[in-house]
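Generate coordinates for the entire structure from the input sequences, incorporating the hints supplied.
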Amino acid sequence: MPVFVGGKEKGTIYVYKAGDQRWLDAKQAAGAFGGSFVWQAVSGKVQLSIRGRLAQFTVDAQRARVVDSGVDLPDKVIVRANTVLVPVEFFSSKEFGDMAWSHAKLEEKGFVVTPRGSVGPMRWFSHKDHTRIVLELDPQHAYQLSRRGRSGLEVTIPLGTVEEAAESAPNDGFVATVRLWQESKLARLSLELDEKSPKAAWDARTFEDPNRLVIDVYHDDETLQRALAAKGRKPEPVKGEAAPSQPDPQEPASLASIPAAPAVAVPAVVVEHKPVVPVQPEIKQGVETSIREKRKIVVDPGHGGQDSGATGRRGVREKDINLLAARELARMLKDSGEFEVLLTRDTDVFIPLAERSQMANDFGADLFVSLHCNANNKRSEKGFEIYFLSERASDPEAEKVAERENASLAMEGGADSPDAEAALLLHAMARTEYINDAGLAAGIMSKALGRAIPLPDRGVKQAAFYVLRGTNAPAVLVEMGFVSNPNEESKLDTKSFRRKIVEGVYGGIRDFARRQEWISSSR
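Once you know that position 37 of the sequence shown is 37 in my numbering, the rest is easy, because the numbers rise by one and skip nothing.
Everything labelled a hint here was simulated from the structure, so no lab data went into it.
In silico lysine-lysine, PhoX-like type, Cα no more than 20 Å apart, as pairs:
{"hint": "1", "residue 1": "Lys-45", "residue 2": "Lys-27"}
{"hint": "2", "residue 1": "Lys-296", "residue 2": "Lys-334"}
{"hint": "3", "residue 1": "Lys-196", "residue 2": "Lys-128"}
{"hint": "4", "residue 1": "Lys-105", "residue 2": "Lys-27"}
{"hint": "5", "residue 1": "Lys-105", "residue 2": "Lys-94"}
{"hint": "6", "residue 1": "Lys-76", "residue 2": "Lys-17"}
{"hint": "7", "residue 1": "Lys-105", "residue 2": "Lys-8"}
What follows is the structure, encoded as structure tokens:
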């Protein structure tokens, strides 16, 4: 049977069946999780080792030991044809998932492994007076930051699991390169300082929601101390080594209204909707800025609650993918320090389409971005496309997409009345300047997304999307891919691929912001 790791096919695994029970080849299973396998045939002892964590079995026994916990198995560990076989349910258990930092499931198409990762993603942002490095960490992990030679910093996270290695070259006068990678029993982040900053100083601290390490690298200690004082924090001498830090109570938690995005689909539970409170940005020393000068971006996860949107053959729901991607995009925008951000929903809740526009207007949005997944009766349809508003669709297929996305109106009770439709039509016609800017934003974002993901670019289109009509700002709707296409459904269900999508949308937003002179073109 094929093995899929992170959406990509990675070899095969042997499945043994007897009655209703199924077992997996323990050695091949260990390999699927990037681990090793040891079997002592005489004693019957079996051990799987995955990045320093152990799962232990005994042949003909119905119990396993995972790290320090005992786990009951649905059937015995057996040997057939000189192959150790473990009940398949063990690899889908919470205990093994926590040990391997992965989710696993035996599906019709094969054995599907989705790496969870406890370290990452890693992002960086260049500013006028410093470079910011952001690394997401599981709350259980501590870290050690130290100087490496004369021109580097190094962060080690014992037992950290990197979901996806990354390397970038800011070359912005503060940081030359930054690299995140996996070693056998730890994750490592290294920063090579720019030769233009031989006396570079840094400030490292953690934030919550989600838990993450933030490192700000400045040209020298004097600049750092001024920045700390501007934030109301007591200046401290820079040390060659930094002990694991605690969340700073004087710093606002970034996107405190957004809970950490889970690695699995959001459960279909309707909860009471509460207004989302935007996070106030911090004002940085040495940068000519004000609260209002930070442009306001509204990120809208389409559908939610009883409105699931489209559903793929494997059960992937559009509303879940939209929310996970929107959370990631909101975090990325906020962490850049260049924008204020609002999510129209941060849980699995139903919000009427008109209310989403009103939330954006109350927030004073400068740009509205709605995230969706596409669907089509033809499973072969694939790719991404970006829409902006027009009362007349650019083509018949665009009109069908708008009709599907507007189907939420039937759940709102009265929002689609003729009077409401007429009022919104007049509103849209009066906002021609926003539509023109939306067309520009859609074109720029389409190019950026095309560079970020290996999906066909279906182009920029127009249609009468209800959620775009009432917003007093440029508004675009991104169809990230087709959940009706089995290949794209599988990709959309992985955190690593969603991150690539989000990075593309984020890049497009920043390119549009530069074009509009909202942010400096040098950043």
